[in-house]
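Quick mapping for you: the protein sequence lines, in order, are chains A and B.
As numbered in the working numbering, residues 1 to 171 make up the first sequence, in order.
As numbered in the working numbering, residues 1001 to 1396 make up the second sequence, in order.
Hints should not be assumed to be uniformly reliable.
Listed below are several chain B residues computed to face chain A (Cβ distance under 10 Å; list not exhaustive) [stated by the list, open to error]:
no.	residue
1	T1143
2	I1212
3	T1213
Derived lysine to any residue pairs resembling SDA-like cross-links, with alpha carbons at most 25 Å apart [what the hints assert, rightly or not]:
no.	chain 1	residue 1	chain 2	residue 2
4	B	K1015	A	V109
5	B	K1111	A	L122
6	B	K1047	A	V129
7	B	K1015	A	G86
8	B	K1205	A	S124
9	B	K1292	B	I1362
10	B	K1111	A	T141
11	B	K1197	A	S124
12	B	K1111	B	R1054
13	B	K1197	A	H31
14	B	K1111	A	K159
15	B	K1047	A	R72
16	B	K1183	A	W29
17	B	K1047	B	G1029
18	B	K1334	B	L1396
19	B	K1370	B	G1381
20	B	K1205	A	W29
21	B	K1205	A	R41
22	B	K1252	B	Y1310
23	A	K159	A	P48
24	B	K1252	B	E1322
25	A	K159	A	H31
26	B	K1197	A	V129
Chain B is nowhere near these chain A residues, computed Cβ spacing over 12 Å in every case [claimed, not checked]:
no.	residue
27	S11
28	A23
29	D33
30	P48
31	V51
32	N55
33	E63
34	R72
35	R84
36	L93
37	A110
38	L125
39	D128
40	M136
It should be emphasised that the hints constitute simulated quantities derived from the structure, not laboratory data.
These numbers come from a predicted model, not from an experiment.
Each residue gets a CB set at the ideal place from its N, CA and C atoms; glycine is no exception.
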Amino acid sequence: MPTKDANAEPSFRTMIQVDMEIASFLSNWAHCDYISSYLARTISHNRPDSVLFSNLFSSALNELLEVTFRTRHSGGALECRLSRLGETDRIELTFACSREEHTFLEAAVARVQGADRQARYLSSLSGDVAPSRDMMLLELTVNYNATLRLEEVDDDMVKIVVDLPLGGLAN
Amino acid sequence: MTAHLSPSGIAGRFKAHFDLNNQEFSIAGSVRPQTIDELAPSLALLKESIESVRGVLYVNVRRLAQMNNTAFHAFARVIIDACRVRPDLRFVVVTSSVVGWTTRKFGRLSKIEPGITVEEYDSEFYPGQSFLEEGGFIPILRTQTKMTWRHERSILPRHGMRPGIVMADICCGIGDFAVLAQKEFEPSRIVALDHSKSSLAYARKVASEFDITGIEYTYGDASEMLLDDDQFDLVTCRHSLQIFNRPAQILKELFRICKPGGRVYITNEKNSHCLGEPRAESIRWTYNEVAKLFEHFDMDVELGPKSRRYLADAGFDDIRVESFMVTNLDGDPKDFADMIAAWEEVYAGDMAAKRGDSGEFIKQFRQGFKDHISAALHPKGYAGWPIWAASGQKPL
C-alpha cells in the first residue's frame, strides 16, 4: 500500500502556461506588460475581488518578467507557468541563462530571505542608483509577502519559483 | 494649471497632471517604462510642481493602477530629495485601496522621510449617499429589487440582455440584481462593482451561503474604474446615476468599459411622480419635497426622463427609453408599504434632520409617506412608483 509522504509539498494545480522563444520575448519591452496583464486577468475570475487580485498579481508578475528581461540569456525558450493551491498562486519562470547569471540569481534569491530585508529594501529606495534586480526581487517579499526560491532544471536552465498569497484579499 | 500627456505606447499609458490651485500633482494609469528616460517630462513636471508650492504638495495616486519599480524609484527619488532640500515642505500621498498596492508601497517612503505621509482615500467617494448605504437600508433594497425585477425581467431583453453575454453591473449595491440576472439570463460572466464595502460584504456572504458562483464582486469607484476599455456586452447601472453628483462622469466610464456595439442600461426615477389614491394631494406634496431634499444633497432623483439626453450626450446610438410603474398590485402590497416606510425613515428622518428642517415641516413631510402606505394597503387603493429604463448602444 503506498504511503503518503508527510513532508511532500501539497500539489499546486496548473492553470495556464505561456511559452515563447527568448528572442521573441526580448524583442519588445512591452511583452512584460502584455503577458502579466493577460495572465493576471485570466486567473482572477474566481478570486473574492477579481479586479483587485488581477491588479496586484499583474504588478508582481510584471516585476518578475522585467527581471527576466534584464537577465543575460543564452537563447532557448521562456516558460511561464501559473498554478494555484488555495489562496496561494505560484509563478514558475524557466529560462536558459549563463552560469554567471545563475550564480547571481542564486545569491539574489538567498538575500531576499534575510531577516534584514525590510531595512535593505528601504535603503535601496533611498539610494541614488536605479533599482537593481535584487531590489525588484526584494520588493516582492516586502510588499507582496512572496516567497522565492531558485531551482536548477539542468546545466544552463534555471527556474524561479514565486509563491504569492494574494488569493484571499478583498475590500 | 499645467497638464502633461505621456507618450504613446504600452509603457506610456499614463497621465501626469499638476493642479496649482489644489497644490496637487496626480499621476494615473499604468507606468511601466524600460528606462527612466521615458518618464523625463513627468519627472520634470513633478519637480516644477514642488518648486511652485508652499507648505504641502498632495501627490494623488488614487488611480495609479500600475507602476513598475523603475518608475517608482524615479518618482520616489524626486520626492525624497525634495524633503531633504525643502524641510518646510510636506508631501501627502493620496492613495486608494481599490488599486491594492499603493498604500503599502508609498507608505514605505514615510519611514525614510517623516515629511511624507500617506492617506488612503475611499470612504469619502460619495458622502451624500451614506444615508442610503447604512446597514438598516439593506432589507429594503432587497424588497425594491424584488419589485422592480417583475418588470425588468421582461424589459431587459429589449436592451441587450441575452444568454452568454459578458456583463457588468456597476453600482451593484448588495448584488441581488446580479444574482437574479444570472439565474434568469445565464450570462457567461458578471462583474458586479460597488463602492460600499458593507454592501459588497453582504453580497459575498449571500453568494457564499447560496452557493452562487460566477459573479465577481469587486470594489471600486464607478466614476474612475480600474476595469479595462471595451470589455462588456452589457453594462447595467440601476438607480444610481440619480444619486451621484456627477452622473455624466459615471456614464462616460460606463461607455468606456462597454464593447463597441454593446449597450449600457440605466434605470432612474422621477420621485415627484410617485402617486397614490386616496389622499393624492398629500402624497404629491411629499414627493415633490423628496426631489427638493435630494437636490439639496446634490442628487437628482428626477433624472429618469432625462436619461435620453444623458445617453445622447455621452455618445450613445440607438437610444431606447421606456417606463414602468411598480405598484401595490405587484405581488404583496405589504412589500410596497414596507418600502415606503423605509423611505420615510431615511428621508424624513436622517436627511431632513441633516438639512435642518423644522418639526412642522417634518410632520407634514411624514404624512405624505403615511398616506402613500395607506393607499398601498387600502382595499380599493392604488400606489405607484414610476421608473424609467433606458439604454444606448456604443457605436461600432
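Grab the minimum beta-carbon distance between L93 (chain A) and chain B and tell me whether it stays above 12 Å.
16 Å, holds
Proposed proximity, R41 (chain A) with K1205 (chain B) (alpha carbon, max 25 Å)
24 Å, holds
For the pair supplied as a hint, K1334 (chain B) and L1396 (chain B), confirm whether the alpha-carbon distance does not exceed 25 Å.
Violated - the C-alpha atoms of L1396 (chain B) and K1334 (chain B) are around 46 Å apart, more than 25 Å.
Within 25 Å, alpha carbon to alpha carbon, are K1111 (chain B) and R1054 (chain B)?
23 Å, holds
Take the C-alpha atoms of K1047 (chain B) and V129 (chain A), compute the straight-line distance between them, and say whether it is at most 25 Å.
18 Å, holds
Taking only the CA atoms, is the gap from K1111 (chain B) to T141 (chain A) under or equal to 25 Å?
18 Å, holds
Minimum Cβ-Cβ distance from R72 (chain A) to chain B exceeds 12 Å:
16 Å, holds
Hinted pair K1292 (chain B) and I1362 (chain B), Cα distance within 25 Å:
14 Å, holds
Is K1183 (chain B) within 25 Å of W29 (chain A), Cα to Cα?
44 Å, violated
Looking at D33 (chain A) again, its CB stays over 12 Å from all of chain B?
5 Å, violated
No chain B beta carbon within 12 Å of L125 (chain A)'s
6 Å, violated
Is it true that the CA of K1205 (chain B) sits at most 25 Å from the CA of W29 (chain A)?
42 Å, violated
When each numbered hint is compared with the structure, violations occur for hints 1, 2, 4, 7, 8, 11, 13, 14, 15, 16, 18, 20, 23, 26, 29, 30, 31, 32, 33, 38, 39 and 40.
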